[in-house]
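What follows is the residue order along each chain.
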Amino acid sequence: MKKKTAGLIASLLGAALIAAPAQAQDARIALLGGITGPIAAMAPPMLEAMKLAVTHVNEQGGIGNGGKLNFVIGDSACNPQNATDAATKAVNIDRVIGVVGPACSGAVLAAANSVTVPAGVLMITSSGTSPQITNINDKDLVYRTVPSDDYQGRALARTIKERGMSKVAVAYLNNDYGKGLAEAFKDEFESIGGTLAGYSGHEAGKASYRSDLAELARGGADTLVIFDYGDGTGLVLLRQALENNFFKNFIGADGMRSDAVIRELGADNLETFFTSAPVGEASASLDAFNKAFAAAGQDPNTIFATTSYDAAFLMALTIEKAGGDKAKMAAALRSVSSAPGEPVMVGEWAKAKKLIAEGKDINYMGAAGEHEFDEAGDVPGNYAFFKVSGNTYEAIAEMK
Amino acid sequence: MTVLNFINFYIVPGLVLGSIYAVGAIGITMVFGIMRFAHLAHGDMATMGAFFALAAIGLFGVSPWMALPIAMIMAAVLAVGIDRVFYDYLRERPKILTVMASLGLALMLRSAVQVIWGVDPVTYVRGIVRPDSYFGILLRPRELYTLLSLIVIVVALTLFLKTSKWGKAMRAMSDNPDLALLSGVDNRMVTILTWSIVGALCAAAGFMLGINTELNSMMGWHLLLPMFAAAILGGVGRVEGAVLGGFIVGLVEELSVLVLPGQYKAATAFVILLLILLVRPRGLLNGKVL
Amino acid sequence: MELIGLANYAVFMGILIGIYALLSLALNIQWGLTGLFNAGIAGFFAIGAYTSAILTSPHVAGRVGGFDMPILVGWAAAMLMATLIAWPIARICLRFRSDYLAIATIGVAEIFRLIIKSEDWLTGGSRGITGIPRPFGDLPYVQSQLAYLALVVIAVLVVYLLVERQLRSPWGRMMRAIRDNEASAAAMGKNVEARRRQAFMFGSAIMGLAGALFVHFNRSITPEAIDPMIATFLIWIMLILGGSGNNRGAILGAIVIWLIWSISEMLTDRLPTEVAIQAKYVRIFIIGLMLQLVLRFRPEGILPEEHKKKPVPPGRVQP
Numbered sequence: 001m002k003k004k005t006a007g008l009i010a011s012l013l014g015a016a017l018i019a020a021p022a023q024a025q026d027a028r029i030a031l032l033g034g035i036t037g038p039i040a041a042m043a044p045p046m047l048e049a050m051k052l053a054v055t056h057v058n059e060q061g062g063i064g065n066g067g068k069l070n071f072v073i074g075d076s077a078c079n080p081q082n083a084t085d086a087a088t089k090a091v092n093i094d095r096v097i098g099v100v101g102p103a104c105s106g107a108v109l110a111a112a113n114s115v116t117v118p119a120g121v122l123m124i125t126s127s128g129t130s131p132q133i134t135n136i137n138d139k140d141l142v143y144r145t146v147p148s149d150d151y152q153g154r155a156l157a158r159t160i161k162e163r164g165m166s167k168v169a170v171a172y173l174n175n176d177y178g179k180g181l182a183e184a185f186k187d188e189f190e191s192i193g194g195t196l197a198g199y200s201g202h203e204a205g206k207a208s209y210r211s212d213l214a215e216l217a218r219g220g221a222d223t224l225v226i227f228d229y230g231d232g233t234g235l236v237l238l239r240q241a242l243e244n245n246f247f248k249n250f251i252g253a254d255g256m257r258s259d260a261v262i263r264e265l266g267a268d269n270l271e272t273f274f275t276s277a278p279v280g281e282a283s284a285s286l287d288a289f290n291k292a293f294a295a296a297g298q299d300p301n302t303i304f305a306t307t308s309y310d311a312a313f314l315m316a317l318t319i320e321k322a323g324g325d326k327a328k329m330a331a332a333l334r335s336v337s338s339a340p341g342e343p344v345m346v347g348e349w350a351k352a353k354k355l356i357a358e359g360k361d362i363n364y365m366g367a368a369g370e371h372e373f374d375e376a377g378d379v380p381g382n383y384a385f386f387k388v389s390g391n392t393y394e395a396i397a398e399m400k
Numbered sequence: 001m002t003v004l005n006f007i008n009f010y011i012v013p014g015l016v017l018g019s020i021y022a023v024g025a026i027g028i029t030m031v032f033g034i035m036r037f038a039h040l041a042h043g044d045m046a047t048m049g050a051f052f053a054l055a056a057i058g059l060f061g062v063s064p065w066m067a068l069p070i071a072m073i074m075a076a077v078l079a080v081g082i083d084r085v086f087y088d089y090l091r092e093r094p095k096i097l098t099v100m101a102s103l104g105l106a107l108m109l110r111s112a113v114q115v116i117w118g119v120d121p122v123t124y125v126r127g128i129v130r131p132d133s134y135f136g137i138l139l140r141p142r143e144l145y146t147l148l149s150l151i152v153i154v155v156a157l158t159l160f161l162k163t164s165k166w167g168k169a170m171r172a173m174s175d176n177p178d179l180a181l182l183s184g185v186d187n188r189m190v191t192i193l194t195w196s197i198v199g200a201l202c203a204a205a206g207f208m209l210g211i212n213t214e215l216n217s218m219m220g221w222h223l224l225l226p227m228f229a230a231a232i233l234g235g236v237g238r239v240e241g242a243v244l245g246g247f248i249v250g251l252v253e254e255l256s257v258l259v260l261p262g263q264y265k266a267a268t269a270f271v272i273l274l275l276i277l278l279v280r281p282r283g284l285l286n287g288k289v290l
Numbered sequence: 001m002e003l004i005g006l007a008n009y010a011v012f013m014g015i016l017i018g019i020y021a022l023l024s025l026a027l028n029i030q031w032g033l034t035g036l037f038n039a040g041i042a043g044f045f046a047i048g049a050y051t052s053a054i055l056t057s058p059h060v061a062g063r064v065g066g067f068d069m070p071i072l073v074g075w076a077a078a079m080l081m082a083t084l085i086a087w088p089i090a091r092i093c094l095r096f097r098s099d100y101l102a103i104a105t106i107g108v109a110e111i112f113r114l115i116i117k118s119e120d121w122l123t124g125g126s127r128g129i130t131g132i133p134r135p136f137g138d139l140p141y142v143q144s145q146l147a148y149l150a151l152v153v154i155a156v157l158v159v160y161l162l163v164e165r166q167l168r169s170p171w172g173r174m175m176r177a178i179r180d181n182e183a184s185a186a187a188m189g190k191n192v193e194a195r196r197r198q199a200f201m202f203g204s205a206i207m208g209l210a211g212a213l214f215v216h217f218n219r220s221i222t223p224e225a226i227d228p229m230i231a232t233f234l235i236w237i238m239l240i241l242g243g244s245g246n247n248r249g250a251i252l253g254a255i256v257i258w259l260i261w262s263i264s265e266m267l268t269d270r271l272p273t274e275v276a277i278q279a280k281y282v283r284i285f286i287i288g289l290m291l292q293l294v295l296r297f298r299p300e301g302i303l304p305e306e307h308k309k310k311p312v313p314p315g316r317v318q319p
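Protein sequences, first through last, are from chains A, B and C.
The working numbering puts the first sequence at residues 1 to 400.
The working numbering puts the second sequence at residues 1 to 290.
The working numbering puts the third sequence at residues 1 to 319.
Looking at chain A on its own, in the form it has when it is part of the complex (with noise of 0.2 Å):
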């Protein structure tokens, strides 16, 4: 049994070498997305927006001479033994000359610190968020198109301040997402002087959260701060609040600014309901990016898909900036995407190529942002507040 089974795995593995040919001038990345696991629902249009970015590449002329630019995609599960699985698969036997992705921060620090790092691998994530990716210890090969949460907190708490709304309530999801916004929006909503009247922390999955509410309002505040996802319990507790009156007022982080909350409990319902949201100042280029995923049957307003298609794009312009030459990375990718430089927006590959090929310098400005990375590789992040306006959300304040 034992040599059958070997043999059979030993053909496995030659099976998956021969459907890995990679011609010369053909380049291949890692698309790694939290495919099973706890954000199983918010992956597949991650992943599309990746591919959107790899077809607008390949549509427009490719990589180098004409060669496509492949990608594998890998499921990280949102844990560190699936997440360093498939990068060390992505990097040994795909032999990637990038990763995009995981998704999941604790998948992120996994793979970067035992593999990604070690082989030299430039790895841009779209949607891990907490700020211990800052400090990793990555020479210089971990970005990421989604800035700390630390911010989108912060920027959060001025900006109700600003509105008005001075004593709120926080309901956050205990993982990295929802406790990081929490802690940096109490520690910038404190420091300005805002009063914190219920700050409580749940676990995902409960039947039902009226108690949790209940012990919030007690506090005596008519805002609510839910920090979830609105494709999970967070549309759960937004339910429970608006069917039993509790706060009058809701804000969410970007998680909570889902479709799947507008369709459930119906826009009049949603009028005193406002969400942050990552945007790319370049207007333009938010619109280009949410015309092409709208027509590719997608919806645009979903997390992270501005940031996934931008960090998608921005690995291929890095690729064609440094020649397919791996060492060369992390400088093109610094290169492509900071200022000074032409500017290329979302779709924009012809012109991208034609510049790079003339040796010009670029500056990729993204749908989620105009990505000029600091030392670390994190990205501030631009923000705005949306309200609900039909069966979408639509902007109307910048948030500082």
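For the record, the hints were derived by calculation from the structure and aren't laboratory data.
Cβ coordinates follow ideal geometry from the N, Cα and C atoms, glycine included.
It is possible that some hints are incorrect.
Here are the simulated SDA-like cross-link-like pairs (lysine to any residue), alpha carbons at most 25 Å apart as the crow flies [stated by the list, open to error]:
#, chain 1, residue 1, chain 2, residue 2
1, B, LYS95, C, PRO299
2, B, LYS288, B, GLY127
3, A, LYS326, C, GLN143
4, A, LYS167, B, VAL259
In silico contact screen, one side only, chain C against chain A (beta carbon under 8 Å); selected entries [what the hints assert, rightly or not]:
#, residue
5, LEU6
6, GLY125
7, THR130
8, TYR141
9, SER144
10, SER262
11, MET266
12, ALA276
13, GLN292
With chain A's structure known, arrange chains B and C on it following the hints.
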């Protein structure tokens, strides 16, 4: 906090949750009592039942509560089938192997739901439903129906077990299987009946959870431990025990936020479980200790 | 396609398989030898992981830590902590019958997971702990992995030899006797409860070690690593498939299941995306199905237990 607030935001949700746990716990206690093992696939069977109801609404265009009986029948058939294929051959072996098989089955059911219906959460009805006020007590129709369904289920089941021939046979199997066989009880029929009832109860529990919150592929797994806690708390093998246990677990869970941080709500069922196993393993109503 | 890449991947797989083999060996002591259905492996894995992490990582504001102990101290402490915490749990839970024990241990592991997620001052909460040192971490990629593999292999060998010796010793025979016929063993004056507790604590110590090894490999730990699916059930399936009661079986089970898990991931990656996503869920279905198939067609596993007597069914008198 006013008494009315306390009732509306702590007691009522606790009772509704308790009803859901109770319906599931009845099934678990029946499997414990008659089939004599811990059915770890119970939660995911409830998930399957809830999604059956969703499918029924989609296929036949009926209202959710009308879809419930259809889902219960489908789940009953599924449960009998599962027993025939996955548990039956293990009957003469140590029970722990059946427990393992049920664990594997839980994974299979869950991933089947994920493949067929996807991982996005869905609901039976859109929009929000504001409650009606009954002398200050706020209740929604669906919550009322949930409580009523529980009562109907318990009454029907108790009558069946106490008065009908097959009900008595099931109780005999539960009390003393060897003696029951000697008395001529048809083991196979009892097994089929038991699983049909258990399947139907799973579907009801899953449906009730879905209609009060939402459906997703992990919903049943999150119910599993509270349901076990409820069954063991009430006393294994006693239907009334499962109901009592269900309400206690539901209420304690909702009331726990008064003393514990919100994150630990999920732990209250486990703590109850451990406590009862330590202090009084027969449960409150003196069930069996297996 | 370079052979180096494949070899690298094999080394990585070896490391993970080694860690899982440790967990499987530990479970073998508890289940295979003593008949204890421990469904809370994730909990002890977590204790070992976090203990080593807290002791060896640098200081971070708001969290207990900054001890900067050497790595080996961290590992020893991981095993010690896991053993210490196993003691009260054993005292409380081991008297339960096996399926109650299963439920109780699931509950215990869940409580640990919730505490880890919520008590930031101790564990960093959902953020986890980073900056954990890695032995030979400064070497280049390939060498660093090889060195770590060597460490893991040594650990597995030592544990294997230790457990094998125990299994063949009088202690091992006594444990099997207790497992197969508790009444007779008790009648002979053996302190059944104490022996069971020993086995439970022994197994937990090894689970703690596995946790520590895992954490130092990734230089970080977050609560998702102790999700029940990946840190408990997978190991159960490994042991059942490999052969419970047999240490080589435990290791073989780890190899086979992880290979299947990993290769199925590779195969599903090759499919077009829409189908690939569905296919990922089918993997879990297949694992559950495999468990059924093993239970039906070869419940003793690939490598059955040696010197196994037929267990005496309850209620029958041995002729």
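Comparing the hints with the structure gives:
| no. | hint | in the structure |
| --- | --- | --- |
| 1 | B:LYS95 <-> C:PRO299 | 13 Å, holds |
| 2 | B:LYS288 <-> B:GLY127 | 45 Å, violated |
| 3 | A:LYS326 <-> C:GLN143 | 20 Å, holds |
| 4 | A:LYS167 <-> B:VAL259 | 23 Å, holds |
| 5 | LEU6 | 6 Å, holds |
| 6 | GLY125 | 6 Å, holds |
| 7 | THR130 | 5 Å, holds |
| 8 | TYR141 | 4 Å, holds |
| 9 | SER144 | 6 Å, holds |
| 10 | SER262 | 6 Å, holds |
| 11 | MET266 | 5 Å, holds |
| 12 | ALA276 | 6 Å, holds |
| 13 | GLN292 | 19 Å, violated |
Hint check: violations occur at hints 2, 13; the rest are consistent with the structure.
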